[in-house]
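Participant: Given the sequences, and given the hints that come with them, work out the whole structure.
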Amino acid sequence: QSVLTQPPSASETPGQRVTISCSGSSSNIAANTVNWYHQLPGAAPKLLIYNNNERPSGVPERFSGSKSGTSASLAISGLQSEDEADYYCAAWDDSLNAWVFGGGTKVTVL
Amino acid sequence: QVQLVQSGAEVKKPGASVTVSCKASGYTFTSYFMFWVRQAHGQGPEWMGIINPRSGDINYAQRFQGRVTLTRDTSKNTVYMELSSLKSEDTAVYYCARGAVAGAYYYGADVWGQGTTVTVSS
Chain A
7 QSVLTQPPSA
17 SETPGQRVTI
27 SCSGSSSNIA
37 ANTVNWYHQL
47 PGAAPKLLIY
57 NNNERPSGVP
67 ERFSGSKSGT
77 SASLAISGLQ
87 SEDEADYYCA
97 AWDDSLNAWV
107 FGGGTKVTVL
Chain B
344 QVQLVQSGAE
354 VKKPGASVTV
364 SCKASGYTFT
374 SYFMFWVRQA
384 HGQGPEWMGI
394 INPRSGDINY
404 AQRFQGRVTL
414 TRDTSKNTVY
424 MELSSLKSED
434 TAVYYCARGA
444 VAGAYYYGAD
454 VWGQGTTVTV
464 SS
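Which chain is which? The protein sequence lines are A and B, in order. FYI, in the working numbering the residues of the first sequence are 7 to 116. FYI, in the working numbering the residues of the second sequence are 344 to 465.
These are calculated hints, taken from the structure and not from any lab test. Warning: the hint list may mix true and false statements.
Only pairs whose alpha carbons sit at most 20 Å apart, straight line, appear in this in silico SDA-like list of lysine to any residue [said to hold, decoys possible]: (1) A/K52 / B/Y449; (2) A/K52 / B/E389; (3) A/K52 / A/A37.
Facilitator: Next comes the structure, spelled out in structure tokens:
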């Protein structure tokens, strides 16, 4: 059972927008910044969004993050076939004194 | 560029120990915390612990307390993760990952190593 809650799957057709939610609590998402990671099969996770809504260099603008209270979300606009992957949210939890993850959301491009 | 290169795959018997190394390059090694995370097949990532390479201070995840040991060698820009009393449930890919912000751990990690597969089987 993951500390952060994500939907297990999301799907949309190419060119459309998909949004992934990440629900937490006052000790993690509300208290600290949220990162989002993208993972292809057999590869290491790759940072997609840091500090709630910042994109590392090289990440396309169609990826965006937001946070409000105890929840965060990742939006992918202009969905492309290469966006099919697993997506994870993560945040530091002050109560557990641990770095916690969501269970992951598998994005399928229909 | 920032790079983390981990040691190769390991196969261990139950009850044994395994050590995975993570060599950093492309940045000042002592300025960034190093996280260790594992991921079992088909599962999400699970945080194991974190080390401050400058001070050697360590914080372990509660479920691994007593079984995991993190160390660092600043002369080699390398961090090590040792997991003891291995069980079949420890079969997973183990990753090191650099803290996203110098001197801070609560911003999570940015760059990840390539991963080391550890298989525990009799």
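Participant: With reference to the structure, classify each hint as holding or not holding.
Facilitator: Here is what the structure says about each hint:
A C-alpha spacing of about 18 Å is found between A/K52 and B/Y449, which places the hinted pair at or below 20 Å, so the restraint holds. Only pairs whose Cα atoms come within 20 Å are accepted, and A/K52 paired with B/E389 is accepted, the gap being roughly 15 Å. Between A/K52 and A/A37 the CA atoms are separated by roughly 23 Å; this puts the pair beyond 20 Å, and the hint is violated.
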